[in-house]
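Protein chains in written order, with the numbering used here: chain A, 1 to 304; chain B, 1 to 304.
Treat each hint with caution, since some may be false.
You can't tell identical chains apart in this list, so a pair holds if it fits in one copy or across any two.
Claimed, not checked - Calculated cross-link-like contacts (lysine to any residue; reagent style SDA-like; alpha-carbon spacing at most 20 Å):
#  : residue 1 : residue 2
1  : Lys19     : His110
2  : Lys226    : Gln283
3  : Lys226    : His84
4  : Lys61     : Pro300
5  : Lys146    : Leu106
6  : Lys19     : Ala195
7  : Lys61     : Met192
8  : Lys19     : Glu252
9  : Lys19     : Thr275
10 : Lys19     : Pro108
11 : Lys247    : Leu58
12 : Lys146    : Asp86
13 : Lys226    : Ala152
14 : Lys247    : Phe301
15 : Lys146    : Ala287
16 : Lys226    : Ala195
17 : Lys247    : Pro300
18 : Lys19     : Val251
19 : Lys61     : Asp91
20 : Lys226    : Arg158
21 : Lys61     : Ala191
In short, the hints are calculated from the structure, not lab data.
Small disclaimer: the values here were computed from a predicted structure and weren't measured.
Protein chains: 2
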Amino acid sequence: MIVVVGSIALDSIETPTDKAEEVLGGSATFICASASRLAPTAVIGIVGDDFPNPYRELFQKWCFDVSGLAVSPGRTFRWGCRYHPDMIHRDTLFTELGVFETFSPLVPAHLRGCPYVGLGNIHPLQQMQVLDQMDHPEWVVADTMKLWIDIAREDLDRLIGRVNALVINDEEARQLTGCISLAAAAEHLLAMGPAAIIIKRGEHGASLHTRDGQFYSPAFPLASVKDTTGAGDTFLGGLVGWIAHQKNCDVETIKQGISIGSCLASFTVESSGVTRLDSISRQEIQARLDGLENLVRVQPFVID
Amino acid sequence: MIVVVGSIALDSIETPTDKAEEVLGGSATFICASASRLAPTAVIGIVGDDFPNPYRELFQKWCFDVSGLAVSPGRTFRWGCRYHPDMIHRDTLFTELGVFETFSPLVPAHLRGCPYVGLGNIHPLQQMQVLDQMDHPEWVVADTMKLWIDIAREDLDRLIGRVNALVINDEEARQLTGCISLAAAAEHLLAMGPAAIIIKRGEHGASLHTRDGQFYSPAFPLASVKDTTGAGDTFLGGLVGWIAHQKNCDVETIKQGISIGSCLASFTVESSGVTRLDSISRQEIQARLDGLENLVRVQPFVID
Numbered sequence: 001m002i003v004v005v006g007s008i009a010l011d012s013i014e015t016p017t018d019k020a021e022e023v024l025g026g027s028a029t030f031i032c033a034s035a036s037r038l039a040p041t042a043v044i045g046i047v048g049d050d051f052p053n054p055y056r057e058l059f060q061k062w063c064f065d066v067s068g069l070a071v072s073p074g075r076t077f078r079w080g081c082r083y084h085p086d087m088i089h090r091d092t093l094f095t096e097l098g099v100f101e102t103f104s105p106l107v108p109a110h111l112r113g114c115p116y117v118g119l120g121n122i123h124p125l126q127q128m129q130v131l132d133q134m135d136h137p138e139w140v141v142a143d144t145m146k147l148w149i150d151i152a153r154e155d156l157d158r159l160i161g162r163v164n165a166l167v168i169n170d171e172e173a174r175q176l177t178g179c180i181s182l183a184a185a186a187e188h189l190l191a192m193g194p195a196a197i198i199i200k201r202g203e204h205g206a207s208l209h210t211r212d213g214q215f216y217s218p219a220f221p222l223a224s225v226k227d228t229t230g231a232g233d234t235f236l237g238g239l240v241g242w243i244a245h246q247k248n249c250d251v252e253t254i255k256q257g258i259s260i261g262s263c264l265a266s267f268t269v270e271s272s273g274v275t276r277l278d279s280i281s282r283q284e285i286q287a288r289l290d291g292l293e294n295l296v297r298v299q300p301f302v303i304d
Numbered sequence: 001m002i003v004v005v006g007s008i009a010l011d012s013i014e015t016p017t018d019k020a021e022e023v024l025g026g027s028a029t030f031i032c033a034s035a036s037r038l039a040p041t042a043v044i045g046i047v048g049d050d051f052p053n054p055y056r057e058l059f060q061k062w063c064f065d066v067s068g069l070a071v072s073p074g075r076t077f078r079w080g081c082r083y084h085p086d087m088i089h090r091d092t093l094f095t096e097l098g099v100f101e102t103f104s105p106l107v108p109a110h111l112r113g114c115p116y117v118g119l120g121n122i123h124p125l126q127q128m129q130v131l132d133q134m135d136h137p138e139w140v141v142a143d144t145m146k147l148w149i150d151i152a153r154e155d156l157d158r159l160i161g162r163v164n165a166l167v168i169n170d171e172e173a174r175q176l177t178g179c180i181s182l183a184a185a186a187e188h189l190l191a192m193g194p195a196a197i198i199i200k201r202g203e204h205g206a207s208l209h210t211r212d213g214q215f216y217s218p219a220f221p222l223a224s225v226k227d228t229t230g231a232g233d234t235f236l237g238g239l240v241g242w243i244a245h246q247k248n249c250d251v252e253t254i255k256q257g258i259s260i261g262s263c264l265a266s267f268t269v270e271s272s273g274v275t276r277l278d279s280i281s282r283q284e285i286q287a288r289l290d291g292l293e294n295l296v297r298v299q300p301f302v303i304d
């Protein structure tokens, strides 16, 4: 069982080819849509009383428990962005926090014993508030973003010291550590506390760094990408989902979790919001997982 | 047996931590230093009468044949650059072509039947001049750079149509094709003629794209990098060297060639010039090759 905390938002996304208005978004959304494929997932979040019913029903479908999803008088968090042609960099057009402004995550008592925790990308103080309420979880993974490195650095450092695994992208890893080489950045981050650092590298895949070594997974190659929003959150959901599914957080299981996280993220980017991620079958997931494994296979050889 | 053509230069490199003056550089240099580890290599290039003897002796050590290395009255090609902190992007400080300005590659008659050809990064017209003199080679691989995309696009397009494999980096692949996704860029490049497109992704590794599928190799993770000059050329040398060693250019051998190219390039970046690349033992290469294979290994699994 997994407890997930994060943002739930209505996203308005502009890409070079498309425009989506108030689709369901937010870190908790993508993590839940993803993790719930693999293990029972409970959500901790907040929405306004304008939260559309179809979106509420999605959470009820994904999550075995939505008692931690607070509904507050006011407006749901809304966010708008425009992607650059590279579909990686984006400009925020507006951020209307609404009820999210006063979000103080409350974990219902019956969920505090959940062994696995996914701390989606929100303020590190809010992430730690959840940790404070959990009762000795087995494994905690957290995501973060540039904003918190810029404005909440000390809180972020404390959060990093309290988790088993940190998921971060390559630019953030460099910014956080001042290191140029990602291998060096990972060493620096390991020294801050987590046993596992997972660096997301966009279309170049993801890497795992522990004190015992590294692992690299490619990203599933796609000819075109519709909307990359939520890809990183989906990745985290696949990772924590697999850990919870296996009831095991050893390195081999984390590697598998990275593979399945990469696989699920490759579906997320094929639509705006959760449309594609929510509609795929197990067979489609397994086929792409097998494809991912095949991408790196080469016959070993010896140079003589 | 491999025929290699490219530039031979005296490089002056500034990095955030170091400064190297007139070290041996140029695409042909790194390709020969690399390929000659694996298969007999002949060089086609030009230097001035100021070319230092120790550098000439390096070519005599690496290459079974240096009759194609012309010495012309005048100055050897000199190039200077300063790297940005990311050790990827660099500013050219000066380019003094010297005798390279009038380089018209001449392949000695006894080398024209060589089955394998490595066209290092020089003007596509010069690359095609070499091709025009070769007698039905088995496999030809070419590298290029942004400069030729900018100023010699039509010549480059013709060159690409004449090679079996193109090695290019991710930014160049996007610039050449106008595609955002590298998978789409590779499709576009395959349609131009080559059966294999190899995209270099810096510290994110390299990928192979053919009509039958893709392959991804990570880069060997290094905590620090001294000087990335020549890494791409070294990579190409490892690739064509392995093809020639195996006398086989099928997809599996190309995959192995990419692995060994990545491996050799990881040594090049640990020093300025060819110092490190030239000094490593077979055991060191094999150890790193085995490490590279281990980086992507994960137990296959099924989601139920």
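How the hints compare with the structure:
no. : hint            : result
1   : Lys19 - His110  : neither (41 Å within a copy, 62 Å between copies)
2   : Lys226 - Gln283 : neither (22 Å within a copy, 46 Å between copies)
3   : Lys226 - His84  : within (12 Å within a copy, 33 Å between copies)
4   : Lys61 - Pro300  : neither (45 Å within a copy, 29 Å between copies)
5   : Lys146 - Leu106 : neither (25 Å within a copy, 54 Å between copies)
6   : Lys19 - Ala195  : neither (40 Å within a copy, 37 Å between copies)
7   : Lys61 - Met192  : neither (37 Å within a copy, 48 Å between copies)
8   : Lys19 - Glu252  : neither (40 Å within a copy, 42 Å between copies)
9   : Lys19 - Thr275  : within (15 Å within a copy, 53 Å between copies)
10  : Lys19 - Pro108  : neither (37 Å within a copy, 60 Å between copies)
11  : Lys247 - Leu58  : neither (25 Å within a copy, 57 Å between copies)
12  : Lys146 - Asp86  : both (18 Å within a copy, 18 Å between copies)
13  : Lys226 - Ala152 : neither (32 Å within a copy, 33 Å between copies)
14  : Lys247 - Phe301 : between (36 Å within a copy, 15 Å between copies)
15  : Lys146 - Ala287 : neither (34 Å within a copy, 37 Å between copies)
16  : Lys226 - Ala195 : neither (34 Å within a copy, 28 Å between copies)
17  : Lys247 - Pro300 : between (32 Å within a copy, 17 Å between copies)
18  : Lys19 - Val251  : neither (40 Å within a copy, 41 Å between copies)
19  : Lys61 - Asp91   : neither (32 Å within a copy, 54 Å between copies)
20  : Lys226 - Arg158 : neither (36 Å within a copy, 33 Å between copies)
21  : Lys61 - Ala191  : neither (39 Å within a copy, 45 Å between copies)
Against the hints set out earlier in the document, violations occur for numbers 1, 2, 4, 5, 6, 7, 8, 10, 11, 13, 15, 16, 18, 19, 20 and 21.
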